[in-house]
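**Student:** Please build the complete structure, drawing on both the sequences and the hints.
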Amino acid sequence: MSDRRDFFGKVLGAYAGLGALGALYAAKRTWDPLPSVKAAGFTTLDLSNLEENKLYVEKWRGKPILIIKVPKDAKPDGAPNGNNENAYDDKRLITVGGHKFMIVVGLCTHLGCIPDYFPEKKKFICPCHGGQFNAAGEVLKAPPPSPLVIPPFKIDGTKVVLGEAGPEYKKLKEAGLVA
Amino acid sequence: MAHFDPNARPFSHQWLNDRLAIDTLKRVLSTEYWIPKNINFLWAMGMVLAATFGVLLISGIFLLMYYIPDTKQAFDSVNHTIMGEVGYGWLWRHMHGVAASVVFLIIYIHMFTGIYYGSYKRGRELIWLSGMLLFVSFSAEAFSGYMLPWGQMSYWAGMVITNLFSLGSLDLQGLVEWIRGDYVPGQAFLGRFFMLHVVLMPLIIMALIVLHFGTLRIPHVNNKDGEEIDFEAEAEKWKAGKRKEAKVIPFNPVFLSKDTFVLGIYFIFYFYLVFYHFEFAMDPVNFDPANPLKTPPHIYPEWYFLWSYEILRPFPKNPGLVAFGFAQVIFFLLPFLDRSPNVAPANRRGVFKFWFWFLLVDMIVLTVMGKVPPMGIYTTIGTVAAWTFIILWILLPFITKAEKPVRGHK
Chain H
1 MSDRRDFFGK
11 VLGAYAGLGA
21 LGALYAAKRT
31 WDPLPSVKAA
41 GFTTLDLSNL
51 EENKLYVEKW
61 RGKPILIIKV
71 PKDAKPDGAP
81 NGNNENAYDD
91 KRLITVGGHK
101 FMIVVGLCTH
111 LGCIPDYFPE
121 KKKFICPCHG
131 GQFNAAGEVL
141 KAPPPSPLVI
151 PPFKIDGTKV
161 VLGEAGPEYK
171 KLKEAGLVA
Chain V
180 MAHFDPNARP
190 FSHQWLNDRL
200 AIDTLKRVLS
210 TEYWIPKNIN
220 FLWAMGMVLA
230 ATFGVLLISG
240 IFLLMYYIPD
250 TKQAFDSVNH
260 TIMGEVGYGW
270 LWRHMHGVAA
280 SVVFLIIYIH
290 MFTGIYYGSY
300 KRGRELIWLS
310 GMLLFVSFSA
320 EAFSGYMLPW
330 GQMSYWAGMV
340 ITNLFSLGSL
350 DLQGLVEWIR
360 GDYVPGQAFL
370 GRFFMLHVVL
380 MPLIIMALIV
390 LHFGTLRIPH
400 VNNKDGEEID
410 FEAEAEKWKA
420 GKRKEAKVIP
430 FNPVFLSKDT
440 FVLGIYFIFY
450 FYLVFYHFEF
460 AMDPVNFDPA
470 NPLKTPPHIY
480 PEWYFLWSYE
490 ILRPFPKNPG
500 LVAFGFAQVI
510 FFLLPFLDRS
520 PNVAPANRRG
530 VFKFWFWFLL
540 VDMIVLTVMG
550 KVPPMGIYTT
560 IGTVAAWTFI
570 ILWILLPFIT
580 KAEKPVRGHK
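Chains as they are written, first to last, in our numbering: chain H, 1 to 179; chain V, 180 to 589.
Source of the hints: derived by calculation from the structure; they are not laboratory data. All values reported here derive from a predicted model rather than from experimental measurement. Check before you lean on any hint, since a few could be wrong.
Think about it this way: if two alpha-carbon atoms lie no more than 25 Å apart in a straight line, the pair counts; the simulated DSS-like pairs of lysine-lysine are [as the list claims (entries may be wrong)]:
1. K473(V) - K59(H)
2. K38(H) - K173(H)
3. K300(V) - K38(H)
4. K54(H) - K154(H)
5. K141(H) - K473(V)
6. K141(H) - K75(H)
7. K580(V) - K300(V)
8. K473(V) - K69(H)
9. K59(H) - K251(V)
10. K141(H) - K173(H)
11. K54(H) - K473(V)
12. K426(V) - K437(V)
13. K426(V) - K416(V)
14. K159(H) - K173(H)
15. K403(V) - K532(V)
16. K473(V) - K532(V)
17. K437(V) - K473(V)
18. K91(H) - K75(H)
19. K473(V) - K121(H)
20. K473(V) - K38(H)
21. K141(H) - K54(H)
22. K159(H) - K69(H)
23. K300(V) - K532(V)
24. K91(H) - K59(H)
25. K38(H) - K28(H)
26. K216(V) - K416(V)
27. K550(V) - K141(H)
According to the in silico footprint, chain H covers these stretches of chain V (three or more CB under 8 Å from chain H) [what the hints assert, rightly or not]:
28. 341-352
29. 454-462
30. 470-481
Positions of the beta carbon are idealized from the N, C-alpha and C atoms, including for glycine.
**Tutor:** This is the structure we're talking about:
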């Protein structure tokens, strides 16, 4: 009698457990980003008429994209972590139509605030926790643990398509320079 | 076998008693639930919290009738429709906002009362743990509610807090995007936090309140001296009419009548804030609509989260997250980190007295430092205060292990 009850208890447990797993999976999928959100993921930037050392902000997948046409002298005015190299020589810059550009996701790699650009200092300062970056998105002061992220891009003449990984992006990625 | 008196008039006392045992319920839950006499107004904070939760629930129901959980309409549904058009809509909003802030002040008083008098030991561990679960649930409720007006502070606080789930160098962007339902906070995010705020979290909170009351029933509330009272014997004295001799009073009506008096005073303070100083709970930055392309110059949480935010802030990313995680869970462990058997007020417990006041002052310093911009001397003070918090908790087991038994206690 008790064996029979134990057995049915286990069967019921397995049956209910299966149902619970199914429900959990459905719940997880309900919270996934919608296909329409994922599909609207491409932005084209025209870089032909930008001024040097001026910050341009575009939007890609709801995130701000920061663009600077980096001037030849982009040495930051002071770098608390000692990284005061000229940002113009940085390997992370993207060459489009003979000019060098910084194209990064404008969210601080610490907690996602948008850093402000100070053209006269040639650096970014994050308003939230005081992190700093140079004009190539490299860290000058913690807490951000890593440089500003370079989004997947594809160069097309003087235009750049964000959301698509071109050969230049793949090269940067292989060199471990995108983030 | 149950007996149903056929002659009892429907809904008469006898009729209800046969069906619901209302006399037994009333006895067990109120008239013979015993409270020590040796207490002060701090023992009324539980009912103050329950009443404030009631205010939040009622004001929330009225706000819910006009609020629209849509990223394009949410801001106006709050700041235009509810504040400008709905009759007394401003009252519900200010009551809701002020109560959401004040409830944390009372929670902190309630917690520090418990810490001071040692009300988390000797059978009262579950009271503390269920209370901490309530604190976490209230935090989730406050955070999700803060998203709803979809102002600048809503949006950016949502961005910063959901980013915490990438867990530093683990870089779990997929998890963050799953929580948001998008690459950044958007419609999916607002919809799910609306659901959490108005359905799931309130249900969890109500269940936890029942559990919290349940955990009190057997160990009973502590008293000002941490005295171990024989509640059965003392209750017999009261029931035998020796009310002066008995060390206890019934919850209802004796304790509740004093509780109600404290509630009366509290509501004068509360409605003074609602009518004359509601602005402290209404951050001006949140009166700008959410703008994903513009971070406010200085992002800070509401005052009640500042201490734990300040523990996150002075450190680099990964250690900062570890410190933040530490601050979130460490209060749960209090009953087990306090190794002393003494249940007594902190001022009679030697070194623990200093530990208590240092912790209280340190949390106030952290709160203040969380509000000011992260620069210069503030960074230094913040770092010292964050370390002090961590070191205090590491020291606690050693301090309490070495504690001498308090006189008059076993």
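**Student:** Evaluate each hint against the coordinates.
**Tutor:** Outcome of the hint check:
no.: 1; hint: K473(V) - K59(H); in the structure: 11 Å, holds
no.: 2; hint: K38(H) - K173(H); in the structure: 22 Å, holds
no.: 3; hint: K300(V) - K38(H); in the structure: 52 Å, violated
no.: 4; hint: K54(H) - K154(H); in the structure: 22 Å, holds
no.: 5; hint: K141(H) - K473(V); in the structure: 21 Å, holds
no.: 6; hint: K141(H) - K75(H); in the structure: 15 Å, holds
no.: 7; hint: K580(V) - K300(V); in the structure: 14 Å, holds
no.: 8; hint: K473(V) - K69(H); in the structure: 21 Å, holds
no.: 9; hint: K59(H) - K251(V); in the structure: 18 Å, holds
no.: 10; hint: K141(H) - K173(H); in the structure: 24 Å, holds
no.: 11; hint: K54(H) - K473(V); in the structure: 17 Å, holds
no.: 12; hint: K426(V) - K437(V); in the structure: 16 Å, holds
no.: 13; hint: K426(V) - K416(V); in the structure: 9 Å, holds
no.: 14; hint: K159(H) - K173(H); in the structure: 20 Å, holds
no.: 15; hint: K403(V) - K532(V); in the structure: 15 Å, holds
no.: 16; hint: K473(V) - K532(V); in the structure: 47 Å, violated
no.: 17; hint: K437(V) - K473(V); in the structure: 51 Å, violated
no.: 18; hint: K91(H) - K75(H); in the structure: 15 Å, holds
no.: 19; hint: K473(V) - K121(H); in the structure: 20 Å, holds
no.: 20; hint: K473(V) - K38(H); in the structure: 23 Å, holds
no.: 21; hint: K141(H) - K54(H); in the structure: 21 Å, holds
no.: 22; hint: K159(H) - K69(H); in the structure: 13 Å, holds
no.: 23; hint: K300(V) - K532(V); in the structure: 17 Å, holds
no.: 24; hint: K91(H) - K59(H); in the structure: 24 Å, holds
no.: 25; hint: K38(H) - K28(H); in the structure: 17 Å, holds
no.: 26; hint: K216(V) - K416(V); in the structure: 13 Å, holds
no.: 27; hint: K550(V) - K141(H); in the structure: 21 Å, holds
no.: 28; hint: 341-352; in the structure: holds (count 4)
no.: 29; hint: 454-462; in the structure: violated (count 0)
no.: 30; hint: 470-481; in the structure: holds (count 8)
Of the numbered hints given earlier, the model fails hints 3, 16, 17, 29; all others are met.
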